Amino acid sequence: MSDSRPAIEAAAVRKAFGQVKALDGVDLMVNQGSLTALLGPNGAGKTTMVRIIATLSRADAGTVRVLGFDVARQPGEVRARIGLTGQYAGLEEALSGRDNLILIGRLAGLRRGDALSRAAELTASFGLSDVEGRLVKTYSGGMRRRLDLAASLMARPSLLVLDEPTTGLDPGSRQQLWTALMDLKAAGTTMLLTTQYLEEADKFADFLHLLDHGKVIATGTPAQLKASAGADATLDEAFLALTGHATVSR
Amino acid sequence: MTALAAPAAPAIPIRFRAARDSALIAGRNLRVLRKNPGRLIYPLVQPVVLLVMFVSVFGDLALAGHAAPGAYRQFLVAGVIIENAALTAPTTGLALLRDASSGLADRFRSLPMSRAAVLAGRAASDAVVFAAQAVLLLAVATPLGFRVSDGLPGYAAIVGITVVFGLALAVAAGWFALLLGDPETAERVLFFPAIALVFISSAFAPVNDLAGWMQPIARANPVTAAAAVLRSLAVGGHPIRRASLLARRLILIPGTLAARRWNRPR
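In the order they appear, the protein sequences are chains P and V. Note that the numbering used here has the first sequence beginning at 37, numbered continuously upward. Note that the numbering used here has the second sequence beginning at 31, numbered continuously upward.
These are computed hints drawn from the structure, not numbers from a lab.
Derived lysine to any residue pairs resembling SDA-like cross-links, with alpha carbons at most 25 Å apart:
1. P:Lys173 x V:Arg69
2. V:Lys65 x P:Glu129
3. V:Lys65 x P:Ala156
4. V:Lys65 x P:Ala130
5. P:Lys173 x V:Asp212
6. P:Lys57 x P:Leu278
7. P:Lys173 x V:Leu63
8. V:Lys65 x P:Tyr124
9. P:Lys173 x V:Gly57
10. V:Lys65 x P:Ser132
11. V:Lys65 x P:Leu152
12. P:Lys57 x P:Glu45
13. V:Lys65 x P:Glu168
14. P:Lys173 x V:Ala53
15. P:Lys221 x P:Gly177
16. P:Lys173 x V:Asp129
17. V:Lys65 x P:Thr174
18. V:Lys65 x V:Leu124
19. P:Lys221 x P:Gly204
20. V:Lys65 x P:Arg147
21. P:Lys173 x P:Ser153
22. V:Lys65 x P:Gly169
23. P:Lys173 x V:Pro213
24. V:Lys65 x P:Arg170
25. P:Lys221 x P:Leu103
26. V:Lys65 x P:Arg134
27. P:Lys221 x P:Gly208
28. P:Lys173 x V:Leu124
29. P:Lys173 x P:Gln211
30. P:Lys173 x V:Ser131
31. V:Lys65 x P:Ser165
32. P:Lys173 x V:Val62
33. P:Lys173 x V:Glu217
34. P:Lys173 x V:Tyr72
35. P:Lys173 x V:Thr215
36. V:Lys65 x P:Ser176
37. P:Lys221 x P:Glu236
38. V:Lys65 x P:Gly177
39. P:Lys173 x V:Ala56
40. V:Lys65 x P:Ala160
Note that the structure is predicted; figures quoted are calculated from it, not measured.
Isolated chain P (complex conformation) (with noise of 0.2 Å):
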């Protein structure tokens, strides 16, 4: 695959739950290599935009490319070359977390030896080796997150999808998960987040696309954004020009 073709291609993407349109005509564009955070308010369609790029969930109308294919009419090829870490830890908690790792890994088509082998490089990048063999049940929640996202990359994911990825931790955890996330960067990986922290995405993301009532309302990059609003303007200061709400939240 070429490396000029976008990560993510989406053209005029509309979903509705009943009478709510949770996206109304979403265009959105997400380059190879780079890191894009989704924001917006409350109920903005940032999941559900998310859902439909990771196969989970069918756009009402529109079209999505990831990595070159077609997410509806090829779901398995975009599948195997995204990772997912959703809004809640996809885990199982009655396991150790090695062994959810080693079946992650395995249900995503590696052979055992190689589950095993990358099980092991994952649990010492994230600082989870001491920790492997015990239930998830009993892990922090810092700790989870890591082990979730670390099962994202069991089958080296070219693009990954983070939704939410530091909600509730502490700024401890947070730190740790976003070194791990820029050494993801600077190997190359595509990442697209959704994020409630508009520092973390105004520090890290090259790209922001901003969605309101589940339309793409700004794009630009982070210095881009906060120029709209005027000279010496915040992320969050931006964010309420743009939108009219005070916060970034779920």
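Assemble chain V onto chain P, guided by the hints.
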């Protein structure tokens, strides 16, 4: 290049993976039971307690039309084995619904794995639990006076039929649980149909001895059919055609419905 994003190892192509992925899911379910032995109390310990209590309290009752001593004991054990399979089946539905309601379901759905594996794997691990339950119950029932005239083949056939029947109800419970969608509601609701199925059947009394309004329901009840197959096997019968028909009807329809429900895009 860091370890986090090291080059990919070659993956096994998806088209060869349905059986493998189902086995992985079954292995995961059984490992959860092994690492959390408290979860085996309901499917394995409680049935033995129920069997001993039922046989001790009711075993010496006379069965209308059967003068032979121990006839009701023989009748009752088959019913209790089926009763326990029926009352264990809802736990499958609950386990499936807990998976579906957790982040793990999204994880599985986002992986390039076989779409049938979660249900097939659940069925496979449940088959192991139902078989263990039936073997345990037969092991306890034999010294309590239960007899199987064909010996080991007869015992094996009883275990096999119990597994098939348990799986059929488990798959139906899975579909119903996914339809309900809420684990707390399902926990309260799923056991009612199982209890009704067991009591409006020939599990504990011949159909002709039940209240008049119950009899047509009991005759159509799969618990009655399954208990009859077990009783026939115990006296050396070979109700293969009847058993196979029962299994196909019971598993195929709810199985298809449950698979559709699990794979339905949200």
